[in-house]
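*Asks:* The chain contents come next:
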Amino acid sequence: MHIVVCIKQVPDSAQIRVHPVTNTIMRQGVPAIVNPYDLFALEEALRLKDRFRGRVTVLCMGPPQAEDALRKCVSFGATDAILVTDRAFAGADTLATSYALAAAIRKIGEEQAVDLVFTGKQTIDGDTAQVGPGVAKRLGLNLLTYVSRIVDVDLDARRIKVERRAEGGVQLLETKLPSLITMLEGTNEMRFASLDDMLRAARFPCRKWNKEAAGIEDLSKVGLKGSPTVVSKVFGPTPRSDKADVQSVADTSVQDVTLNLVQKLFTTHPQLEIELLERLGA
Amino acid sequence: MSEAPKPSAPRPAGRAGRNTELPEHLKGYKGVWVFVEHDRGHVHPVSWELMGAGRQLADKLQVGVAGILMGGPDEPLDAFAHEAYAFGADRCYVVRDPVLKGYRNEPFTKGLTDLVNRYQPEIMLLGATTMGRDLAGSVATTLGTGLTADCTELHIDGRALAATRPTFGGSLLCTIMTLAYRPQMATVRPRVMPLPRHDASRAGEIVEMPLAMVEADVVTKLLDFIPDASRNTVNLAYADVIVSGGKGLKRPENFKLVRDLARVLGAEVGATRPVVQAGWVEPERQVGQTGKTVRPKLYIAAGISGAIQHRVGMEGSDVIVAINSDPGAPIFDFAHYGIVGNAMQVLPALTEAFRVHLERRIRKVA
Chain A
1 MHIVVCIKQV PDSAQIRVHP VTNTIMRQGV PAIVNPYDLF ALEEALRLKD RFRGRVTVLC
61 MGPPQAEDAL RKCVSFGATD AILVTDRAFA GADTLATSYA LAAAIRKIGE EQAVDLVFTG
121 KQTIDGDTAQ VGPGVAKRLG LNLLTYVSRI VDVDLDARRI KVERRAEGGV QLLETKLPSL
181 ITMLEGTNEM RFASLDDMLR AARFPCRKWN KEAAGIEDLS KVGLKGSPTV VSKVFGPTPR
241 SDKADVQSVA DTSVQDVTLN LVQKLFTTHP QLEIELLERL GA
Chain B
1 MSEAPKPSAP RPAGRAGRNT ELPEHLKGYK GVWVFVEHDR GHVHPVSWEL MGAGRQLADK
61 LQVGVAGILM GGPDEPLDAF AHEAYAFGAD RCYVVRDPVL KGYRNEPFTK GLTDLVNRYQ
121 PEIMLLGATT MGRDLAGSVA TTLGTGLTAD CTELHIDGRA LAATRPTFGG SLLCTIMTLA
181 YRPQMATVRP RVMPLPRHDA SRAGEIVEMP LAMVEADVVT KLLDFIPDAS RNTVNLAYAD
241 VIVSGGKGLK RPENFKLVRD LARVLGAEVG ATRPVVQAGW VEPERQVGQT GKTVRPKLYI
301 AAGISGAIQH RVGMEGSDVI VAINSDPGAP IFDFAHYGIV GNAMQVLPAL TEAFRVHLER
361 RIRKVA
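As they're listed, the protein sequences go chains A and B. Going by the numbering used here, the first sequence opens with residue 1, and the numbers climb by one from there. Going by the numbering used here, the second sequence opens with residue 1, and the numbers climb by one from there.
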């Protein structure tokens with residue numbers, strides 16, 4: 001079984017700060033990590049590899065330093081790692097990204113046919129959830145998004161059965177391989193890297209593919225040129241004009257403060273009180 | 001927008017303004033479409049929220065709004081169409097086929113792509129749900145057009161859609177436009193846009209289109225649907241009152257104080273991402289950038305500092321009450337009422353104050 005897992009290196013959003021004056025992202029000192037959602041995809045792929053034997057190839061598009069993210073994945077047990085990196089890819093939106101990744105997966109498939117492609121649900125920096133479906137459409141893979149559980153894989157019959165998160169419930173879906181799965185978060189827990197794998201990862205020769213090696217045929221489909229969306233402006237969130245009505249427990253007792261709040265709340269918002277009473281009465 | 005943040009000047013993409021000029025053959029694309037998402041007899045409210053937003057965009061452009069309905073022949077698509085008119089649609093494009101009973105990517109992508117190619121809308125909006133995102137990403141790639149996810153504001157700039165969305169975990173907002181491709185596609189999360197007025201007197205027309213696909217063409221089979229009711233899951237996005245807790249509660253057992261207050265108010269329980277990651281509460285209760293967007297009438301945040309990742313998920317709440325021991329916590333910048341104090345002390349007192357007040361009022365009404 002050959003599985004490709006697409007990952008992205010992202011800034012740790014919990015540590016992102018915006019410069020208060022220039023409204024630019026302050027990247028200095030912000031650690032780059034493997035997009036946390038992708039780890040659920042990687043773990044699921046590794047479990048299938050454990051079960052069926054075979055290979056897990058991790059694939060990343062990004063700048064040269066994204067190699068670190070790939071090494072991290074190798075330390076968890078990925079077999080092979082490929083970084084697709086080229087200046088021509090800069091400024092890519094999700095459509096252009098899916099074109100480059102799809103081309104690279106086609107190349108990977110020339111070495112060994114790909115049965116499954118995994119991606120995370122979305123990234124924590126872009127949050128679009130668009131690249132997975134985009135890659136699936138470009139490669140003609142059967143798309144399974146928001147998968148919460150892989151129920152069954154039948155390699156001989158080339159069939160896969162999964163549970164997919166939908167609004168208000170879970171769909172039980174069956175499709176044929178090759179298929180692309182976007183994995184829901186919280187569905188598994190990433191294994192610990194073994195010492196052997198950590199050592200292997202440190203020395204691992206990640207392959208770096210430029211646009212030619214990745215099999216990009218149409219340069220107008222990648223990077224800024226291949227991106228239909230245009231960022232027209234970037235700005236900081238609007239601060240609220242009116243200040244909060246704040247009381248401090250330090251000034252009086254907790255009882256006074258809370259009673260005061262309840263009174264104020266219902267005096268200012270009588271409709272809220274009526275609705276609460278209706279709800280509680282019902 | 002406020003004056004403080006300085007928007008960077010609009011800039012053309014690529015050399016020589018590539019991707020900014022609309023080619024002649026796309027200039028005929030007219031009208032605003034809203035994909036009406038439904039499942040097992042119910043339309044997702046996000047579709048009506050989008051109908052309101054779509055109506056405003058269309059009025060600005062002086063074009064019509066259409067609802068897109070796809071489903072099985074035995075599903076009440078005509079009734080949904082009437083609802084669509086009541087919420088602002090002028091017409092509905094309907095694709096009825098047994099293959100479209102229950103959402104599957106392939107037939108819906110084909111149906112919607114064919115509709116777009118035939119009737120050529122300039123803007124198409126979908127809910128950022130598991131269905132809407134799955135479908136929007138597939139259709140946009142098939143059409144080779146631009147798609148902006150999770151928009152929080154939609155405006156018309158010139159004749160193009162200016163879609164604003166949070167980026168970098170919500171710490172920045174960016175406005176994205178699709179200038180040289182049509183349709184311009186966007187998804188919006190539930191509860192980001194207000195529900196428009198329902199006017200039952202509005203009427204419209206139905207345009208039917210057959211789906212050129214039979215079941216044998218569809219590789220993926222829907223074997224079963226297990227509704228959440230049987231799994232006891234919460235619907236946080238549409239809750240009217242939410243009490244949320246953050247890491248300021250210090251210990252998992254203290255989260256009970258949040259649940260106690262929620263019980264007295266008949267509220268849902270929410271949480272921040274760190275609390276969910278620590279396993280204190282179920283992931284379905286996470287509010288924020290990577291969780292749910294909520295828009296309750298009352299949101300009480302206890303022990304929550306108000307990091308931007310949480311803020312973007314709840315700042316649309318009508319009334320926000322914050323309890324935090326740090327008077328400098330960012331949550332006080334956007335809360336309406338605040339109590340500076342230890343949440344472990346304030347929560348029980350607040351629960352008691354609400355309980356006594358509401359019981360007294362209920363007795364008076366009775």
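Everything labelled a hint here was simulated from the structure, so no lab data went into it. One or more hints might be untrue.
As the list claims (entries may be wrong) - Simulated coverage check for chain A against chain B, where a stretch passes if three residues somewhere in it have a Cβ under 8 angstroms from a Cβ of chain B:
1. 45-51
2. 60-73
3. 88-98
4. 103-117
5. 193-201
6. 208-219
7. 245-255
Each residue gets a CB set at the ideal place from its N, CA and C atoms; glycine is no exception.
*Asks:* If a hint holds in the structure, say so; if it does not, say that too.
*Replies:* Comparing the hints with the structure gives:
1. 45-51: With 0 residues in contact (Cβ-Cβ under 8 angstroms with chain B), the coverage given for the segment 45-51 of chain A is violated.
2. 60-73: violated (count 0)
3. 88-98: holds (count 5)
4. 103-117: violated (count 0)
5. 193-201: With 0 residues close enough to chain B, the hint is violated.
6. 208-219: Check failed, 0 qualifying residues.
7. 245-255: holds (count 8)
Against the hints set out earlier in the document, violations occur for numbers 1, 2, 4, 5 and 6.
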